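J.: Residue-level listing of the chains:
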Amino acid sequence: MERARERLWRWLDERIGLEDLARLAKKKEVPVHRHTVWYYFGGMTLFLFAIQVVTGILLLLYYRPSANEAFESIQFLMTEVEFGWLVRSIHAWSANLMVFSMFIHLFSTLLLRAYRAPREITWLSGSGLLGLTLAFGFTGYLLPWNELAFFATRVGTEIPGVLPLVGPFLRRLLRGGDDVTGATLTRFYGIHVAVLPALTTVVLAVHLFMVQKHGMSSPPGVEREGPKRSMPFFPNFLLRDLVGWLSALAVLAALAAYFPAELGKKADPFQPAPAGIKPEWYFMAMFQTLKLLPGHILGIEGELLGVLGFGVVGLLLIALPFLDTRAGERPSRFPAVFGITLLVYMVVLTFLGYTMSPTK
Amino acid sequence: MANDVLSPGENRARRDFLNWFLGTAAGAFAASVLYPVSRYLVPPKVEESTAHTVTLSIKPQELKPNSGQIFRFGSQPAILVKTPAGELKAFSAVCTHLACIVQYRSDISHIWCACHNGHFDLNGKNIEGPPPKPLEEYAVNAKGDQIVVSKRS
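Line by line, the protein sequences are chains A and C. The numbering of the first sequence is my numbering, which starts it at 1 and goes up by one. The numbering of the second sequence is my numbering, which starts it at 361 and goes up by one.
No wet-lab data here; the hints were simulated from the structure. Careful: at least some of the hints might be erroneous.
[Said to hold, decoys possible] As a list, the in silico BS3-like pairs of lysine-lysine whose alpha-carbon atoms are at most 30 Å apart: (1) A/K27 / A/K213; (2) C/K511 / C/K405; (3) C/K424 / C/K493; (4) A/K228 / A/K28; (5) C/K419 / C/K485; (6) C/K503 / C/K419; (7) A/K26 / A/K228; (8) A/K228 / A/K213; (9) A/K278 / C/K493; (10) C/K424 / A/K265; (11) A/K228 / A/K27; (12) A/K278 / A/K265; (13) C/K424 / C/K485; (14) C/K485 / A/K278; (15) C/K511 / C/K493; (16) A/K266 / C/K424; (17) C/K493 / C/K405; (18) C/K511 / C/K424; (19) A/K266 / C/K405; (20) A/K265 / C/K419; (21) C/K419 / A/K266.
On a predicted model such as this, the values are computed, not experimentally measured, just so you know.
Please put together the full structure from these sequences, using the hints given.
T.: Below, the structure is given as C-alpha cells:
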C-alpha cells in the first residue's frame with residue numbers, strides 16, 4: 001500500500017512536478033496580527049462560489065429557459081423533484097451569503113489598504129469579480145420568471161437606458177428587444193450560465209494567481225510595528241479556513257431548510273407592479289436612492305443623476321490604488337473616508353429601504 | 361538561401377511587406393468575425409404595434425367609480441380609470457420613471473407606481489416621487505356598450 005502510494009506520487013511528480021507544488025504550498029505564510037480575521041473572507045467567498053457552481057449545474061438539469069416554461073419548471077422542481085427545493089434554496093441562499101462575504105472582503109481589503117503597489121492588479125481583478133458577482137445576482141434573479149423578477153429586470157434594464165445617446169441601444173441589447181420578454185429570459189440565461197462563468201474563471205484565476213504571487217498584504221499599521229509573526233498557510237491556515245467553511249455550510253443548510261426560496265406568482269406583463277416590491281438586499285441602497293431622488297434636480301432628470309452617481313462611485317472604487325499612491329511618508333486620508341462613507345451610506349439607505357413605508 | 365541573393369535593403373522591404381500583409385490580413389479576419397457577431401447580438405426590430413385604437417372587452421358600467429383596470433394597448437399595458445366623479449380616462453400604464461407598471465389606488469384616488477413610489481393625478485400628471493414626466497394620456501370614447509381608446513395625435 002505504502003509502496004503503491006509512493007510509486008503513484010513519483011509517477012505524477014515526474015509528469016506534473018508535485019514536489020515543486022508541495023514546496024510552493026509550504027512556502028506560503030499568512031501574517032498573524034490583530035487584523036488576521038479579515039483574511040478569511042476571500043476564501044469564504046470562493047467556497048460559496050464553489051457551492052454556486054455545483055448547485056447551479058444541478059438546477060440546469062430541470063430548468064427550462066422560456067417564458068412559457070420557466071416558472072412551471074421551477075414549480076415542478078420545488079414540488080415534485082426530490083430535494084429540488086433544497087438545491088434551489090441552497091443556490092439562492094449561497095448567492096446571498098456569497099455577496100455578503102464578498103462585501104466584507106471588499107471593505108476589509110479597502111480599509112486595511114491591501115490594494116497598494118504592487119497589488120493593483122489584484123484590486124482591479126477583485127473589482128472585476130465584484131461586478132461579475134452582481135451581474136450573476138441580477139441575471140439569475142430573472143430566471144424563475146415570477147412577478148418580482150419581472151419588475152426587477154424591467155427597472156434594472158431601464159437604469160442603463162436613461163443614459164443619454166447610448167442608453168436606448170444598451171437597453172435593447174440587454175433585453176433582446178424593446179420590452180422584457182421571453183427573449184430577455186433566454187438572453188439572461190445564456191449570460192448567467194455561460195458568459196459570466198467563463199469570464200469569472202479567467203478573472204478569478206488572475207486574482208488568485210496575484211494573491212499567490214504577492215502573498216498576503218499586511219496593513220501599513222502592522223508593518224510599522226516591526227517584525228511580523230506568521231503562520232504557514234498549509235496546513236495551519238487552511239484548516240482554520242475549513243472550520244469557517246463548515247460553519248458557513250451549517251448556516252447555509254439551516255437557512256435553506258427553514259427559509260426555503262419562494263417562487264411567488266408567475267410574471268404577467270399586463271399586471272401592475274405589486275405594492276411593497278423590493279429588490280435583493282444588495283441592490284437596496286441603489287433602489288432607495290432612485291426612490292428618494294425627485295423627478296428633476298437642477299434641470300436634469302433625477303434618475304440620470306442617480307445613475308451617473310453610481311458610475312462615479314464605481315470608478316472611484318476601481319481607481320483607488322492609483323489615487324492612493326503616497327502610502328509611504330504621508331498616507332492619504334481619502335481611501336478611509338471614501339470607504340467608510342460608502343459603507344455608512346449603503347447601510348443607512350438599506351435600512352431605510354426596509355423600514356420606510358412603501359406606500360406613503 | 362534567399363539571404364544570399366538579396367541585398368539587406370531588399371530583404372527589409374520584403375519583411376515590411378510581409379508584416380503589413382499579415383497584419384492587414386489578421387485585422388480583416390478579426391473584423392470579419394467581430395462584425396457579424398456584434399450585429400448578431402443586437403436583436404432584430406420587431407414590427408412595432410401600430411395599434412392606434414383598441415376596443416376594450418370591459419363595459420362602461422362594469423367599472424366602478426374610483427377604480428382602475430389595466431388593459432392591453434397593442435403590445436403595451438395601459439390603464440383605464442373611472443374617476444370618483446364617474447369620468448373615464450385612459451393612460452399608458454408604463455411609469456415614466458423606470459418603466460414599472462402603475463396601478464390605480466382608490467384609497468388616495470391617485471395613479472401610483474409601486475416600484476419607486478411615484479404618484480400621478482387623475483390627469484396623468486406626475487405630482488410626487490421620482491417620475492420626471494406625466495403619463496401619456498389616451499382618448500376614451502364610450503359608445504353604448506363599448507369603450508374605445510385611441511392615441512391622441
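J.: Now, for every hint given, state plainly whether the structure supports it.
T.: Verification of the supplied hints:
no.: 1; hint: A/K27 / A/K213; verdict: holds, 11 Å
no.: 2; hint: C/K511 / C/K405; verdict: holds, 22 Å
no.: 3; hint: C/K424 / C/K493; verdict: holds, 28 Å
no.: 4; hint: A/K228 / A/K28; verdict: holds, 14 Å
no.: 5; hint: C/K419 / C/K485; verdict: holds, 26 Å
no.: 6; hint: C/K503 / C/K419; verdict: holds, 10 Å
no.: 7; hint: A/K26 / A/K228; verdict: holds, 18 Å
no.: 8; hint: A/K228 / A/K213; verdict: holds, 19 Å
no.: 9; hint: A/K278 / C/K493; verdict: holds, 23 Å
no.: 10; hint: C/K424 / A/K265; verdict: holds, 26 Å
no.: 11; hint: A/K228 / A/K27; verdict: holds, 16 Å
no.: 12; hint: A/K278 / A/K265; verdict: holds, 15 Å
no.: 13; hint: C/K424 / C/K485; verdict: holds, 22 Å
no.: 14; hint: C/K485 / A/K278; verdict: holds, 25 Å
no.: 15; hint: C/K511 / C/K493; verdict: holds, 18 Å
no.: 16; hint: A/K266 / C/K424; verdict: holds, 27 Å
no.: 17; hint: C/K493 / C/K405; verdict: holds, 26 Å
no.: 18; hint: C/K511 / C/K424; verdict: holds, 24 Å
no.: 19; hint: A/K266 / C/K405; verdict: holds, 27 Å
no.: 20; hint: A/K265 / C/K419; verdict: holds, 28 Å
no.: 21; hint: C/K419 / A/K266; verdict: holds, 27 Å
Of the numbered hints listed earlier, not one is contradicted by the structure.
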